[in-house]
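K.L.:
Spelled out, the chains give:
2 protein chains.
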Amino acid sequence: MAERSVTLEKTLRALLDDKKYQTLKDILVTLEPADIAAVFSELDKERVPLLFRLLPKEAAAETFAELEPEWQELLIRGLSDKELREIINELYVDDAADLIEEMPANVVKRILSQADPQMRREINEILRFPEDSAGSIMTTEYVSLRPSMTIAEAIQRIRATGVDKETIYTCYVTQERKLIGTVSVKDMLLQADDQTPVSAIMDENVISVNTLTDQETVAQTLSKYNFIALPVVDQDGRMVGIVTFDDAIDVLVEETTEDIEKMAGMLPSEKTYLRSNAWDLFLHRIPWLALLMVSATFTGMIITGFESALAAQVVLTAFIPMLMDTGGNSGSQASVTIIRALSLGELEFSDAPKVVWKEIQTAVLCGIALAGLCFVKIMLVDRMLLGNTDISTLTAFVVCFTMAVTVLIAKLVGCTLPMAAKRIGFDPAVMASPFITTIVDALSLLVYFGIASALLF
Amino acid sequence: MAERSVTLEKTLRALLDDKKYQTLKDILVTLEPADIAAVFSELDKERVPLLFRLLPKEAAAETFAELEPEWQELLIRGLSDKELREIINELYVDDAADLIEEMPANVVKRILSQADPQMRREINEILRFPEDSAGSIMTTEYVSLRPSMTIAEAIQRIRATGVDKETIYTCYVTQERKLIGTVSVKDMLLQADDQTPVSAIMDENVISVNTLTDQETVAQTLSKYNFIALPVVDQDGRMVGIVTFDDAIDVLVEETTEDIEKMAGMLPSEKTYLRSNAWDLFLHRIPWLALLMVSATFTGMIITGFESALAAQVVLTAFIPMLMDTGGNSGSQASVTIIRALSLGELEFSDAPKVVWKEIQTAVLCGIALAGLCFVKIMLVDRMLLGNTDISTLTAFVVCFTMAVTVLIAKLVGCTLPMAAKRIGFDPAVMASPFITTIVDALSLLVYFGIASALLF
Numbered sequence: 309m310a311e312r313s314v315t316l317e318k319t320l321r322a323l324l325d326d327k328k329y330q331t332l333k334d335i336l337v338t339l340e341p342a343d344i345a346a347v348f349s350e351l352d353k354e355r356v357p358l359l360f361r362l363l364p365k366e367a368a369a370e371t372f373a374e375l376e377p378e379w380q381e382l383l384i385r386g387l388s389d390k391e392l393r394e395i396i397n398e399l400y401v402d403d404a405a406d407l408i409e410e411m412p413a414n415v416v417k418r419i420l421s422q423a424d425p426q427m428r429r430e431i432n433e434i435l436r437f438p439e440d441s442a443g444s445i446m447t448t449e450y451v452s453l454r455p456s457m458t459i460a461e462a463i464q465r466i467r468a469t470g471v472d473k474e475t476i477y478t479c480y481v482t483q484e485r486k487l488i489g490t491v492s493v494k495d496m497l498l499q500a501d502d503q504t505p506v507s508a509i510m511d512e513n514v515i516s517v518n519t520l521t522d523q524e525t526v527a528q529t530l531s532k533y534n535f536i537a538l539p540v541v542d543q544d545g546r547m548v549g550i551v552t553f554d555d556a557i558d559v560l561v562e563e564t565t566e567d568i569e570k571m572a573g574m575l576p577s578e579k580t581y582l583r584s585n586a587w588d589l590f591l592h593r594i595p596w597l598a599l600l601m602v603s604a605t606f607t608g609m610i611i612t613g614f615e616s617a618l619a620a621q622v623v624l625t626a627f628i629p630m631l632m633d634t635g636g637n638s639g640s641q642a643s644v645t646i647i648r649a650l651s652l653g654e655l656e657f658s659d660a661p662k663v664v665w666k667e668i669q670t671a672v673l674c675g676i677a678l679a680g681l682c683f684v685k686i687m688l689v690d691r692m693l694l695g696n697t698d699i700s701t702l703t704a705f706v707v708c709f710t711m712a713v714t715v716l717i718a719k720l721v722g723c724t725l726p727m728a729a730k731r732i733g734f735d736p737a738v739m740a741s742p743f744i745t746t747i748v749d750a751l752s753l754l755v756y757f758g759i760a761s762a763l764l765f
Numbered sequence: 309m310a311e312r313s314v315t316l317e318k319t320l321r322a323l324l325d326d327k328k329y330q331t332l333k334d335i336l337v338t339l340e341p342a343d344i345a346a347v348f349s350e351l352d353k354e355r356v357p358l359l360f361r362l363l364p365k366e367a368a369a370e371t372f373a374e375l376e377p378e379w380q381e382l383l384i385r386g387l388s389d390k391e392l393r394e395i396i397n398e399l400y401v402d403d404a405a406d407l408i409e410e411m412p413a414n415v416v417k418r419i420l421s422q423a424d425p426q427m428r429r430e431i432n433e434i435l436r437f438p439e440d441s442a443g444s445i446m447t448t449e450y451v452s453l454r455p456s457m458t459i460a461e462a463i464q465r466i467r468a469t470g471v472d473k474e475t476i477y478t479c480y481v482t483q484e485r486k487l488i489g490t491v492s493v494k495d496m497l498l499q500a501d502d503q504t505p506v507s508a509i510m511d512e513n514v515i516s517v518n519t520l521t522d523q524e525t526v527a528q529t530l531s532k533y534n535f536i537a538l539p540v541v542d543q544d545g546r547m548v549g550i551v552t553f554d555d556a557i558d559v560l561v562e563e564t565t566e567d568i569e570k571m572a573g574m575l576p577s578e579k580t581y582l583r584s585n586a587w588d589l590f591l592h593r594i595p596w597l598a599l600l601m602v603s604a605t606f607t608g609m610i611i612t613g614f615e616s617a618l619a620a621q622v623v624l625t626a627f628i629p630m631l632m633d634t635g636g637n638s639g640s641q642a643s644v645t646i647i648r649a650l651s652l653g654e655l656e657f658s659d660a661p662k663v664v665w666k667e668i669q670t671a672v673l674c675g676i677a678l679a680g681l682c683f684v685k686i687m688l689v690d691r692m693l694l695g696n697t698d699i700s701t702l703t704a705f706v707v708c709f710t711m712a713v714t715v716l717i718a719k720l721v722g723c724t725l726p727m728a729a730k731r732i733g734f735d736p737a738v739m740a741s742p743f744i745t746t747i748v749d750a751l752s753l754l755v756y757f758g759i760a761s762a763l764l765f
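Chains A and B, in that order, are what the protein sequence lines are. Just so we're aligned, residue 309 is where the first sequence starts under the numbering used here, counting upward by one. Just so we're aligned, residue 309 is where the second sequence starts under the numbering used here, counting upward by one.
Hints are computed from structural coordinates only; laboratory data are not their basis. Yeah, the Cβ is synthetic: ideal placement off N, Cα and C, and Gly gets one too. It is possible that some hints are incorrect.
[Unchecked claim] Stretch by stretch, here's where chain A covers chain B in the computed footprint (C-beta under 8 Å, at least three residues):
id : segment
1  : 402-416
2  : 463-470
3  : 543-557
[Said to hold, decoys possible] Capping the alpha-carbon separation at 25 Å, the derived lysine to any residue pairs in SDA-like fashion look like this:
id : chain 1 : residue 1 : chain 2 : residue 2
4  : B       : 662       : A       : 575
5  : B       : 579       : B       : 592
6  : B       : 365       : A       : 508
7  : B       : 662       : A       : 588
8  : A       : 333       : B       : 513
9  : B       : 365       : B       : 323
10 : B       : 532       : A       : 583
11 : A       : 662       : A       : 732
12 : A       : 662       : B       : 579
13 : B       : 318       : A       : 513
14 : A       : 333       : B       : 488
15 : B       : 353       : B       : 416
16 : B       : 390       : B       : 414
17 : B       : 473       : A       : 349
18 : A       : 365       : B       : 495
19 : A       : 532       : B       : 569
20 : B       : 532       : A       : 569
21 : A       : 333       : B       : 492
22 : B       : 532       : B       : 565
23 : A       : 390       : A       : 424
24 : B       : 353       : B       : 583
25 : B       : 473       : A       : 460
26 : A       : 494       : B       : 367
27 : A       : 327       : A       : 367
28 : A       : 486       : B       : 339
29 : A       : 662       : B       : 318
30 : A       : 390       : A       : 349
31 : A       : 532       : B       : 408
32 : B       : 318       : A       : 656
33 : B       : 318       : B       : 349
34 : B       : 365       : A       : 498
Given the sequences, and given the hints that come with them, work out the whole structure.
P.N.:
Here you go:
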């Protein structure tokens with residue numbers, strides 16, 4: 309896809325230089341809004357408003373919604389009031405609300421002054437919900453039907469009002485604003501008799517979410533039931549909007565990226581990598597790095613505490629990295645698996661006993677296998693191949709035994725911390741590798757020196 | 309959701325005990341297939357076939373498609389040939405193909421013998437495509453129209469054939485089996501004149517994927533353009549199927565889970581956590597653990613090489629865990645960010661110079677901040693608070709300088725390895741934290757002892 313944008317962008321630039329506006333129009337009309345937006349962001353800033361004006365009205369609004377905020381701002385500043393009014397009122401309400409949230413105050417003021425009263429009211433309706441709630445991502449543009457309507461009347465209503473709706477394929481049947489059923493266009497079209505009332509074919513077992521439901525739950529609910537759109541109701545069961553599948557996909561991708569960033573010890577970022585500068589990246593990465601570095605004071609203290617023992621048996625030092633890394637890897641395998649299962653809703657806190665027991669079994673298997681392999685490695689590679697005769701069989705035993713215990717500790721810490729975090733209402737994702745590594749490091753060193761002290765000195 | 313299933317499951321069990329079949333039917337009809345499937349998997353195995361028989365035909369097929377493979381197999385073994393035939397032929401073809409892939413050979417044979425010839429042909433069509441290709445996840449049940457049809461004729465065709473189609477909302481216009489345009493039900497309904505030919509309102513700029521396109525690309529393309537379904541064409545441009553948005557969401561979730569598993573040093577698993585036993589988990593986790601453990605031989609060798617120096621300055625050992633962990637964390641921040649951006653298509657290999665430059669800047673900022681903080685920490689906490697007077701200012705300087713260099717190395721390794729992997733056609737996700745940690749460990753120890761040797765001995 310990216311390849312295509314690059315090639316096209318050269319052509320467009322040449323055509324703009326030659327002022328071949330009709331040819332440009334002919335080209336633009338063949339492209340999807342997402343592709344036009346991609347081309348725009350490759351072009352020189354001053355050319356974008358010119359090209360944007362060549363788009364037909366509807367395509368212009370759709371392209372505008374696909375642009376990154378910095379390009380949206382650039383365009384708004386370049387458009388006349390009349391042009392801006394046309395774009396704003398053509399946008400879907402949820403896209404307009406997103407725009408308002410991203411723009412600086414003076415631009416927001418100008419946008420709202422150009423929005424027609426109905427649009428302004430609906431934007432404000434969405435903006436009053438907390439960030440990441442169903443209310444904040446929904447759109448108010450859905451088709452509502454009355455239960456007494458016939459299918460013919462319902463289709464007539466879709467025809468009359470559907471052009472501005474984000475989806476027409478699922479319609480919502482309301483009575484005194486309460487959501488009492490859903491009916492799909494498919495069911496209406498496939499019904500032989502168009503005088504059947506909507507109430508006779510509607511599905512009364514409505515799955516809906518509340519305006520305050522977390523957006524991740526919204527996306528998972530939609531995905532679970534394979535819905536094109538999920539209705540959003542207020543505290544009194546009144547229908548207020550819908551979240552469509554395309555927005556749910558965006559939420560899933562965004563939330564997963566956030567989880568992944570947290571698991572790698574970063575603060576989640578709203579910007580894409582290429583849009584972030586080094587300072588942004590620094591600010592998102594330094595807090596955890598600094599915290600974890602300082603907390604390594606404990607591992608330092610443990611080593612200092614056994615300093616005299618280590619001075620006598622320096623060979624023990626050589627195995628510290630291997631033990632620590634294996635502990636860290638074992639722990640992050642467990643924690644990352646549990647965190648992902650929690651965030652997909654596959655695991656609940658009530659599964660904790662099952663999880664702990666499964667991790668203990670796995671840890672025993674991994675521990676025995678690694679300890680065995682480690683023993684063979686030390687005897688064959690370190691002693692025979694590398695000729696490190698300082699390593700006695702007893703030393704090898706101490707290392708391998710520590711290895712097995714470390715794996716067990718790591719898997720236990722790795723599986724319990726995320727579940728405990730979930731239980732107390734924290735985000736399990738921050739309990740991932742870096743955090744667990746620090747704990748496992750300290751514990752495994754204690755085990756190592758404890759066993760070494762008992763057996764070797 | 310899980311809470312709800314648990315409560316319901318008790319009620320169903322009691323009603324089954326009392327043989328209240330009509331009440332059970334009344335309850336089941338209020339539930340979505342996904343919820344019925346969730347309830348079934350909580351019930352005792354012998355009760356499921358009984359309850360399943362109470363479902364109306366269409367709901368039975370939809371519920372069946374939502375069940376985990378082990379429950380599907382259980383049901384198939386419990387159903388008569390006639391019952392099985394009804395279920396199989398009611399399934400969407402892509403679900404039927406998924407089923408065939410999961411079942412053991414003797415069950416497959418029975419399923420295919422009950423499928424009607426058309427169904428069998430379409431299943432085989434899908435099964436011949438490579439795993440994870442567009443062809444393997446598509447369904448062949450879409451609405452195709454001829455360009456010369458009027459809208460009225462098109463809607464007539466949807467009414468006649470739509471009941472078996474996975475979606476009717478986007479229809480595909482074909483000529484000699486070639487895909488030449490798409491038209492949505494929305495456009496058809498909103499068009500005033502139903503005698504307009506389809507060719508006049510269809511969108512001729514069709515976005516499609518090839519049967520062999522990777523499923524992750526399919527899902528990303530659908531998400532990029534906000535399509536309800538994406539058409540799949542063969543090498544000659546002939547329309548062969550569609551991938552619907554709900555399957556695309558499943559692919560996105562599945563592929564992300566795979567990436568996360570790989571990033572944490574595990575082989576990706578097809579089973580959910582609760583369905584995997586300890587032996588499954590062991591087999592998926594041990595390969596990377598063993599490989600990384602053995603590769604820690606290098607860090608061991610480096611430490612052994614500087615053994616005499618370490619024996620003289622044992623205090624240096626105390627900082628090894630801190631340096632290694634900070635290196636590992638810095639590296640995994642960079643690698644995980646790059647891997648995610650690559651898998652979302654935000655980065656291409658051609659962005660490599662930009663990425664490297666950005667990571668160098670970020671590393672310098674992080675390195676200076678961490679080195680400064682580390683120096684303060686050593687002087688205040690380790691020397692003054694903990695009274696460790698072995699640590700000279702020069703030692704502190706060596707540690708902090710190594711820290712800054714380690715961060716730089718870690719960020720560079722962390723950003724280049726995933727991009728290099730992508731370039732040579734490897735999966736960038738395996739170049740994540742555990743792998744990079746091992747490399748960064750060795751490099752940072754070399755730097756540490758190198759600087760220490762130069763300045764302290």
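K.L.:
Decide, hint by hint, whether the structure agrees.
P.N.:
We went through each hint and held it up to the structure:
Judged by the Cβ-Cβ criterion of 8 Å, the segment 402-416 of chain B is not covered by chain A as claimed, because only 0 of its residues qualify and three are needed. Coverage of a stretch by a chain is defined here by at least three residues with a beta carbon nearer than 8 Å to that chain's beta carbons; for the segment 463-470 of chain B and chain A the count is 4, and the condition holds. With 4 residues carrying a beta carbon less than 8 Å from a beta carbon of chain A, the segment 543-557 of chain B meets the three-residue requirement, and the given coverage holds. A hinted pair counts as satisfied when its Cα atoms are at most 25 Å apart, and residue 662 of chain B with residue 575 of chain A qualifies at roughly 22 Å.
For the given pair, residue 579 of chain B sits about 11 Å from residue 592 of chain B by alpha-carbon distance, which is consistent with the 25 Å threshold. Distance check on the hinted pair: residue 365 of chain B and residue 508 of chain A sit about 20 Å apart at the alpha-carbon level, within 25 Å; holds. Between residue 662 of chain B and residue 588 of chain A the alpha-carbon distance is near 15 Å, which keeps this suggested pair within the 25 Å criterion. For the proposed pair residue 333 of chain A and residue 513 of chain B, the alpha carbon gap of about 15 Å is at most 25 Å, so the pair holds.
Between residue 365 of chain B and residue 323 of chain B, the direct Cα distance comes to roughly 21 Å. Compliance with the 25 Å bound is thereby established for this hinted pair. Between residue 532 of chain B and residue 583 of chain A the alpha-carbon distance is near 19 Å, which keeps this suggested pair within the 25 Å criterion. Between the alpha carbons of residue 662 of chain A and residue 732 of chain A the distance comes to roughly 19 Å, so the proposed pair stays at or under 25 Å and holds. A threshold of 25 Å between alpha carbons decides the hint, and for residue 662 of chain A with residue 579 of chain B the separation of about 16 Å falls inside it, so the pair holds.
Under the criterion of a C-alpha separation no larger than 25 Å, the hint pairing residue 318 of chain B with residue 513 of chain A is consistent with the structure, at around 21 Å. For a cut-off of 25 Å, the pair hint linking residue 333 of chain A to residue 488 of chain B stands: about 22 Å separates their Cα positions. Note on residue 353 of chain B and residue 416 of chain B: the hinted pairing holds, with a Cα-Cα distance of about 21 Å set against a maximum of 25 Å. In summary, the hint linking residue 390 of chain B to residue 414 of chain B is supported, as the alpha carbons are separated by about 17 Å, within the 25 Å threshold.
The hinted pair formed by residue 473 of chain B and residue 349 of chain A fails the criterion: a straight-line CA distance of about 38 Å is larger than 25 Å. In summary, the hint linking residue 365 of chain A to residue 495 of chain B is supported, as the alpha carbons are separated by about 17 Å, within the 25 Å threshold. Annotation: proposed proximity of residue 532 of chain A to residue 569 of chain B holds, straight-line Cα distance about 22 Å (limit 25 Å). Among the hinted pairs, residue 532 of chain B with residue 569 of chain A is consistent with the structure: their alpha-carbon atoms are about 22 Å apart, no more than 25 Å.
In summary, the hint linking residue 333 of chain A to residue 492 of chain B is supported, as the alpha carbons are separated by about 24 Å, within the 25 Å threshold. At roughly 20 Å between alpha-carbon atoms, residue 532 of chain B and residue 565 of chain B fall within 25 Å of each other, so this suggested pair holds. Between the alpha carbons of residue 390 of chain A and residue 424 of chain A the distance comes to roughly 12 Å, so the proposed pair stays at or under 25 Å and holds. The straight-line distance between the Cα atoms of residue 353 of chain B and residue 583 of chain B is roughly 15 Å, inside the 25 Å bound, and the hint therefore holds.
Proximity of residue 473 of chain B to residue 460 of chain A is assessed by CA-CA distance (about 23 Å); at most 25 Å being required, the pair is judged to hold. For a cut-off of 25 Å, the pair hint linking residue 494 of chain A to residue 367 of chain B stands: about 17 Å separates their Cα positions. With a C-alpha separation of about 21 Å, the suggested pairing of residue 327 of chain A with residue 367 of chain A holds against the 25 Å cut-off. This hinted pair checks out: residue 486 of chain A and residue 339 of chain B have alpha carbons roughly 20 Å apart, not beyond 25 Å.
As the CA atoms of residue 662 of chain A and residue 318 of chain B are separated by approximately 21 Å, the hinted pair is consistent with the 25 Å bound. Between the alpha carbons of residue 390 of chain A and residue 349 of chain A the distance comes to roughly 24 Å, so the proposed pair stays at or under 25 Å and holds. Taken as a hint, the residue 532 of chain A and residue 408 of chain B pair is honoured in the structure, with Cα atoms around 22 Å apart against an allowance of 25 Å. Of the supplied pair hints, the one linking residue 318 of chain B and residue 656 of chain A holds, its CA atoms being roughly 19 Å apart against a limit of 25 Å.
A threshold of 25 Å between alpha carbons decides the hint, and for residue 318 of chain B with residue 349 of chain B the separation of about 13 Å falls inside it, so the pair holds. The hinted pair formed by residue 365 of chain B and residue 498 of chain A meets the criterion: a straight-line CA distance of about 18 Å does not exceed 25 Å.
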